[in-house]
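Engineer: Chain by chain, the residues:
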Amino acid sequence: MMRLVLLFLLGVLLMGCSGKKVKPWEKENLAQDIMQYGGLHPEVKKFEAHVYFSKEASRGGSGVGGGGCGCN
Amino acid sequence: MIKKTIYALCFSTISLMALDTGDIIPQNIKTQLNLDSNKTYVIDFFASWCKSCKKELPLISKVHIEQTVEVIGVNVDKKKEDGEAFVQKYNVPFRVIYDTNKEFIGVFDPIGFPALYYVRNGKIVKIIMGAVDNIDEHISKDIKEIK
Chain U
32 MMRLVLLFLL GVLLMGCSGK KVKPWEKENL AQDIMQYGGL HPEVKKFEAH
82 VYFSKEASRG GSGVGGGGCG CN
Chain S
29 MIKKTIYALC FSTISLMALD TGDIIPQNIK TQLNLDSNKT YVIDFFASWC
79 KSCKKELPLI SKVHIEQTVE VIGVNVDKKK EDGEAFVQKY NVPFRVIYDT
129 NKEFIGVFDP IGFPALYYVR NGKIVKIIMG AVDNIDEHIS KDIKEIK
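Residue numbers (the working numbering), protein chains in the order written: chain U, 32 to 103; chain S, 29 to 175.
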């Protein structure tokens, strides 16, 4: 039984669920303008958000700040 | 046997520790950076795609020009050409090392950019992570305290 459990755990470990984090210096592609919320024309998304909060009376909860470099 | 394999897998995921305040810089890195043992340096890790680095770079250049401290830049762009263009655009006056192989950044392992390491006698005495307003004033103050 113990052996089966260990084999199952080994299988889980080998399933490719990597615990490797993306390092700050590996975020070059994430920092590109195209990767920001709304792509190259975020004003379109901003307009959509404006319509949304006007109709739904709620705002926020979309997008993140920062350039992707891991800095403040 | 199975137990040993599981332990080995678990421990292999633990990465090496990043350099922190009080740590000694490895000899091979010191040699490659050409660090003088009796001098104080500021090692600035930056990239062309880092917006905060663009903001800080002119102020760090100013500190170097005013000879407050010698700055050594480490550019971590994937392509050396991108780094060179960036350095040229901002007229960086200090020595810049292009770390395309991630040799230096892998050892220092900062949590973000820009990352400033104050090094004295081969030892890290202070670290500043991320963008800081008026960084030139901070560096001048820190250098006075360190010396």
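Everything labelled a hint here was simulated from the structure, so no lab data went into it.
By construction, the Cβ of each residue, glycine as well, lies at the ideal position given by its N, Cα and C atoms.
Check the hints yourself; a few may be wrong.
[As the list claims (entries may be wrong)] With a cut-off of at most 20 Å between alpha-carbon atoms, the simulated EDC-like pairs for lysine to aspartate or glutamate come out as follows:
| id | chain 1 | residue 1 | chain 2 | residue 2 |
| --- | --- | --- | --- | --- |
| 1 | U | K54 | S | D137 |
| 2 | S | K82 | U | E59 |
| 3 | S | K90 | S | D137 |
| 4 | S | K117 | U | E74 |
| 5 | U | K51 | S | D137 |
| 6 | S | K107 | S | E94 |
| 7 | U | K54 | S | D48 |
| 8 | S | K83 | S | D161 |
| 9 | S | K79 | U | E57 |
| 10 | S | K107 | U | E59 |
| 11 | S | K108 | U | E79 |
[Stated by the list, open to error] Listing some non-contacts, in silico: residues in chain S with all C-beta distances to chain U over 12 Å:
| id | residue |
| --- | --- |
| 12 | D48 |
| 13 | T49 |
| 14 | P54 |
| 15 | Q60 |
| 16 | N62 |
| 17 | D64 |
| 18 | Y69 |
| 19 | K79 |
| 20 | P86 |
| 21 | V104 |
| 22 | K107 |
| 23 | F122 |
| 24 | I133 |
| 25 | N149 |
| 26 | N162 |
| 27 | E165 |
[To be verified] Which chain S residues face chain U? A few, computed with CB under 8 Å, are given here:
| id | residue |
| --- | --- |
| 28 | A46 |
| 29 | A75 |
| 30 | C78 |
| 31 | K106 |
| 32 | K108 |
| 33 | Y118 |
| 34 | Y126 |
| 35 | P138 |
| 36 | I139 |
Engineer: Compare the structure with the hints numbered earlier in the document and write down the numbers of the violated ones, lowest to highest.
Structural biologist: 3, 4, 6, 11, 19, 21, 22, 24, 28, 32, 33 and 34
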